[in-house]
Every structure is written in structure tokens, then in C-alpha cells.
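The whole structure should be built from the sequences, with the hints applied where relevant.
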Amino acid sequence: MTRNLHIVLLVLAIGAGTGTLAAQSLNSGLRGPTPLNDEGPAPPMAPTRNTSEREVRNYPEQPPVIPHSIDGYQVDLNSNKCLSCHARARTGESQAPMVSITHFMDRDGQFLASISPRRFFCTECHVPQSVTNPPVSNDFVDIDTMLSRAAPGGRR
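Per UniProt numbering, the sequence shown starts with residue 1, numbered consecutively.
A couple of the hints might just be wrong.
[Said to hold, decoys possible] Using 25 Å as the maximum straight-line C-alpha spacing, the simulated SDA-like pairs for lysine to any residue come out as follows:
1. Lys-81 - His-126
2. Lys-81 - Pro-128
3. Lys-81 - Cys-125
4. Lys-81 - Thr-51
5. Lys-81 - Asn-50
6. Lys-81 - Pro-47
7. Lys-81 - Glu-124
8. Lys-81 - Thr-123
9. Lys-81 - Thr-102
10. Lys-81 - Ser-114
[To be verified] Quick list of simulated restraints, FRET-style, between CB atoms:
11. Asp-76 - Leu-112: 16 to 24 Å
12. Met-146 - Leu-10: 44 to 52 Å
13. Ile-14 - Pro-117: 53 to 61 Å
14. Leu-36 - Ala-13: 19 to 27 Å
15. Asp-71 - Gly-15: 48 to 56 Å
16. Val-136 - Ser-52: 26 to 34 Å
17. Thr-2 - Ile-143: 52 to 60 Å
18. Phe-120 - Ser-52: 19 to 27 Å
19. Gly-92 - Leu-147: 35 to 43 Å
What the hints contain is simulated information worked out from the structure, not anything from laboratory work. Keep in mind the model is a prediction, meaning the values are calculated, not measured. Idealized CB from N, CA, C, for every residue including glycine.
What follows is the structure in C-alpha cells.
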């Protein structure tokens, strides 16, 4: 009985030491060398990408990203600055893409004359892009690249 207790305690002690080492090795990535119980300095704000080019989407049904700065845009219950260019009536003069037709549908699939209240707050789905390097390494490969690598007639 005592021998079993000693073995259990030994295993727990080794496991606790391993956990501490693992926690200490997790200081890379977004936190950097800042300990978990400290708050590190805020990183500098990256400049916003500002271009008229449309970004390629990374996955099906991804909302388009905003290719320009939206600093100072008012989007609230009373106003939506985005619609000054992207509203159906304004796209001719602004040359901006029109808001998707899906934004004019209510939850029952009925088309409305104006933007659905569910879709009025653009930045819930659409976000501007920054000019920056990824903060952590990433080996993401989109589905088209994966399919182009696949051997004909089977998996590779």
C-alpha cells in the first residue's frame, strides 16, 4: 500500500515538473517574453492597407475584407458611412461595389427595399486589413492549393 502511494507521488511530482517546463516554454508567440501574470506593452498600430484591389477570399462564404481605411467612419444606429459609397443608389458615382443582395433579405428570406437591420453594422463581418507580418508562424494552405497538389485519381 505504502509502495503504491510512493509511486503515485513520484509520478505526480514528475508530471508537475514537466508541466512547469511546458508552461515556461510557451512564452513565445503573441505574448513574447512577458510572464503570464504581467501585462506587456501594447504593440504599435500597423498602418491600414489602402488600395482599390479586391482581396482574394481565403475560404468559401468569407465576407469581403475592406481594402481601405475606415478611420473616422460612423457606423451606429443613426448612421452608416459605408453606405455613402456602397449603397445601391451610390455605386455609379463612387465606383464602389454594391452591398450584396443578401444584405437586403430579412431572416425569413423576404427581400426588403433597404438594408436589413441584421446587416446594417458592416464591421461585424467586414474588416480592414493591416500592412504587417503575421505575429506567429502560419502554414495555412487554402483548398485550391491543396487540390492543385493532389495527384490525379487519388490522394498524395
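**Report entry** Violated hints - listed by number, lowest first
**Finding:** none
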